[in-house]
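Enquirer: Using the sequences plus the hints, can you model the full thing?
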Amino acid sequence: MRRFFGNLNFTVGFILAAVVVAAALASLFWTPYAPNEMNAAHRLQPPSLSHPLGTDQYGRDVLSRVMVGAVNSIIVGLVTVAIGFGIGVLLGLLAAFFRRFIEEGIMRLCDLLFGFPAVLTAILITAVLGPSVLNSMLAIGIFYIPVFARLTRAVTLSIWQRDFIAAARACGLSETAIVWHHVLPNILSPLIIQGTIQFAVAILAEAGLSYLGLGTQPPHPSWGRMLYEAQTFLGTAPWMAVFPGLAIAWAVLGFNLLGDGLRDTLDPKMTRLR
Amino acid sequence: MSEALLSVEDLVKHFPLGGGIFRRPRAWVRAVDGVSFQIHQGETFGLVGESGCGKTTIGRLVLRLMEPTSGRIFFRGQDLLALRGEELRRMRRHIQIIFQDPYASLDPRMKVERIITEPLRAFSHLGSRDRRKRAAELLERVGLQPGDLEKYPHEFSGGQRQRIGIARALAVRPELVVADEPVSALDVSIQAQVINLLQDLQEEFGLSYLFISHDLSVVDHLCDRIAVMYLGRIVELAPKEFFREGPKHPYTRTLLESVPLPDPHRRRPLRFPEGEVPNPIQPPSGCAFHPRCPQAVEPCRRHRPSLVHIGSGHYVACWLNQEDDVL
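If you read the sequences in order, they're chains A and B. At position 211 of the first sequence the residue is numbered 211 (the numbering used here), and the sequence of numbers has no breaks. At position 301 of the second sequence the residue is numbered 301 (the numbering used here), and the sequence of numbers has no breaks.
Since the hints were made in silico from the structure, they are not lab data. Errors might be hidden in some of the hints.
Selected chain B positions facing chain A (Cβ under 10 Å, derived; list incomplete) [stated by the list, open to error]:
(1) Arg92
(2) Leu106
(3) Met110
(4) Ile115
(5) Glu118
(6) Phe123
(7) Leu126
(8) Gly127
(9) Arg168
(10) Val178
Here the structure is a predicted model, which is why all the values come from computation and not from measurement. All C-beta atoms, glycine included, are put in the ideal place defined by N, C-alpha and C.
Expert: Right, dumping it as structure tokens:
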């Protein structure tokens, strides 16, 4: 533990991320107001004691909506990384294991995915499947597959050359057992680091898609959607934009720093992966 | 002579260079180019040569960690290369390996107990308590503490790690151990300890070694018979006494002369083989050693000498020793 908290990046990132997670967890049980409760008498109120972050054009409490928005962002981060990690690591392992045609096929498929402009494809996917959080998560998750596949293949290939793999083979382990017991534990830390960083990127991406109206649908609160709604009132009620914006920056910074700190502590030899 | 434990016949391994799925390889590296030898029960067979001569590749081929291009390998009369799947897996317990690099050969994420018991998991029906007991015994046998089972490889020195590697290799009581430069990564003082350990274990378990090394003094100390390799081929093979009395191949002679004598009163000018080892992609014509050979004659440039028996188990591949037939 001391190893981790001796690292400034990790410590700051951990604290920032912990605040986001804490806010999200708290919102599951308690928010100052119901996040979707409208109150015509309290429209567009500036921050005050009763509404610490102010209210929006329907009189909804911004603090409550930012808190619930955190849940949304965390779920998006978890699900997209899970999609990318699950499929990407599998493909990367297959590529490293079978080499030749399978490797070539998988890696070219990854190039193809990388070649598409992410936002345009996300728009395409949501246009076809209809805008929703689920579809935007799917769109982001698909773009994570090549990120994890390439990383997994690269790290696996370097592990694969090591003598302890040959030793395991000489010890009569099956290839599956070698992958499971020797390869996976050794490639896990770069993958976890990458996952943390992709988590941050996903929060930003979901905010972007929701801003465009392709992600989370109203009235469910999402940080990106809140920014979109706030732009009409930017002159009269800037708090409507400032606080969700701060929340996005806070969470993205937090998870990025956390990833950087993890990399520094877990893999001192590895410099930049992205 | 008794039946050979391991018999290698005309083993060839060529590695493709360049090329891809749709392209043919640009060239082939002839790492091992027609090697034959036998190892008998309880024997230590030394394989020496400069780096890049193919000795490590032979070790890997014998363990079936690589597939040869051609040739045959027999273990107790059984064709190793014909084995597939479960048969191959079961055969593996009889042949184990000790690696050169004690840092790369132990999984950094596994505790020592797991490392040593891994072959037991694969090959024995021992329960976890018995496996642990066996692992503790093995650790003690190689000179470590049973308490070390709980440690990770990075907590040990190079020599200690090599001992762990030896314990792993011996866990399933193999008959043949391929020792691939097991001491060349260690300090000289540690080298002696590990070599003595290997000798003690050989006596205790009746092991046979295929001992691969570039260090002639180590090989001379440990081995019963020695094969000298040059560019993927054996150029001389003999019981070690012959190497002391008088090697026949010019390459072996220069190799021996390049070993410093540890005696200040018996000075001898050190001589090293001239020039670099030729490119194994395009080995020289005829005898591969002729460009560096001080005694090369005309046929050496044109015809490759084969390994010929010149008596008492001494084999040489050199025209100078078979001049009657050719010159």
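Enquirer: Grab the minimum C-beta distance from B/Met110 to chain A and call the hint holds if it beats 10 Å, violated otherwise.
Expert: Interface hint status for B/Met110: holds (8 Å vs cutoff 10 Å).
Enquirer: Would the hint on B/Leu126 stand, with a C-beta cut-off of 10 Å toward chain A?
Expert: 14 Å, violated
Enquirer: Given B/Arg92 as an interface hint, is its Cβ closer than 10 Å to any Cβ of chain A?
Expert: Check passed: Cβ of B/Arg92 comes within 5 Å of chain A, closer than 10 Å.
Enquirer: Taking the least C-beta to C-beta distance, is B/Ile115 closer than 10 Å to chain A?
Expert: 8 Å, holds
Enquirer: Does B/Phe123 hold up as a contact with chain A if the rule is Cβ-Cβ below 10 Å?
Expert: 6 Å, holds
Enquirer: Does B/Leu106 pass the interface check with chain A, least Cβ-Cβ distance below 10 Å?
Expert: Given a least distance of 6 Å, the restraint on B/Leu106 holds.
Enquirer: With chain A as the partner, please determine if B/Val178 meets the hint condition of a C-beta pair closer than 10 Å.
Expert: With a closest approach of 9 Å, the B/Val178 hint holds.
Enquirer: Take the shortest C-beta to C-beta distance between B/Gly127 and chain A; is it under 10 Å?
Expert: 18 Å, violated
Enquirer: Regarding the hint that B/Arg168 lies at the interface with chain A, is the smallest CB-CB distance below 10 Å?
Expert: 7 Å, holds
Enquirer: Measuring from the C-beta of B/Glu118 to each C-beta in chain A, is the shortest one below 10 Å?
Expert: 5 Å, holds
The earlier numbered hints that this structure contradicts are 7, 8.
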